[in-house]
Amino acid sequence: MTRAVLGLLVLVVIGAALLFYWRLSIRGHQQRLRQLDVRVHVNGIRGKSTVTRLVGGVLREGGYVTVAKTTGSAARVIGPHGEETPIFRRGAANINEQIDIVAEHIQPDVEALVIECMAVRPLYQQYSQDYMVRSDITVITNVREDHQEEMGETLEEIADSMAVTIPRGGVVITAEDRPHLRERLRMRAHERGSTLIYADPESVDDEDMRGFDYLQFKENVAIGLAIARICGVSHRAALEGFLCVCQSQNCSNTPGEVLRGRRELACSGALRWARLFDAVWAGEGSTGPHFLKRAGIGEVRALTLC
83 MTRAVLGLLV
93 LVVIGAALLF
103 YWRLSIRGHQ
113 QRLRQLDVRV
123 HVNGIRGKST
133 VTRLVGGVLR
143 EGGYVTVAKT
153 TGSAARVIGP
163 HGEETPIFRR
173 GAANINEQID
183 IVAEHIQPDV
193 EALVIECMAV
203 RPLYQQYSQD
213 YMVRSDITVI
223 TNVREDHQEE
233 MGETLEEIAD
243 SMAVTIPRGG
253 VVITAEDRPH
263 LRERLRMRAH
273 ERGSTLIYAD
283 PESVDDEDMR
293 GFDYLQFKEN
303 VAIGLAIARI
313 CGVSHRAALE
323 GFLCVCQSQN
333 CSNTPGEVLR
343 GRRELACSGA
353 LRWARLFDAV
363 WAGEGSTGPH
373 FLKRAGIGEV
383 RALTLC
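Taking this note's numbering, the leading residue of the sequence shown gets 83, the next gets one more, and so forth.
Hints in this document: simulated from the structure, not taken from any laboratory. If you're wondering where the values come from, they're calculated on a predicted model, not measured in any experiment. Glycine included, every Cβ here is placed at the ideal spot set by N, Cα and C. Fair warning: there could be bad hints in the mix.
So the derived label-pair ranges between C-beta atoms look like this [as the list claims (entries may be wrong)]:
id: 1; residue 1: T236; residue 2: R85; range: 54 to 60 Å
id: 2; residue 1: L205; residue 2: S107; range: 18 to 24 Å
id: 3; residue 1: R105; residue 2: R203; range: 23 to 29 Å
id: 4; residue 1: E238; residue 2: A86; range: 51 to 57 Å
The task is simple: from the sequences and hints, build the whole structure.
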């Protein structure tokens, strides 16, 4: 009897210790996420890794100290100076890898995280967004027929599956060109109190595409430019960031350098405005994305793209 009680006590102590460690880990993870000005979660069927790289380049060139992470068979962490670190896994990929990446690479000076969604099943996608990444901006590159066993048979069901990664009270950007699927994503964004922005490939002209040394889809460039507008990165700096990524060059700014293409802020009474080039945020009552709070704007009502 005594041995049985002792065994039970050991199990209770071990369980309590594991629970305590888990709570500490979660608290530390959340603190590291809160320190970031910008958190971007990249989802979609095609082009996720490319968009993750491009957005990381845009933010670095815009003056943000940025960490980006791609997934897949050639998973990489791309550091603040464009340096790449391969991710070596033991066994199959696991979405908990995202927590380890944040713990290892989000240092106190890091301002932005761009991370590719690893999850396929909708439940895991939602867990990734709501607990692991908690992005201000989610990208859904497109909606295509893939992973139908996990995400649904129809395009509408696949769109709904990916929509669970839309932030609450944030922004979702998509280059999906079919209006009915885009409208479906807009409805899901509205349910989460978020705004959908259509990154129209037709808004990218041939001049924007000059200088790329390999085939680059206008959809991907349009998404990168949309994020640049939101985050206060100039059009020119965004294009330079694209080219730096494509040419695998180190284009990050040195510490203490004047940040190019950043925010121009003006406050007036209870209604506060931020001019982010051709993006205007106005605040009056609802809580806004974290990167706007860090810019001095704590409340956001609407986003208007001119």
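Which numbered hints are broken by the structure, listed smallest first?
none
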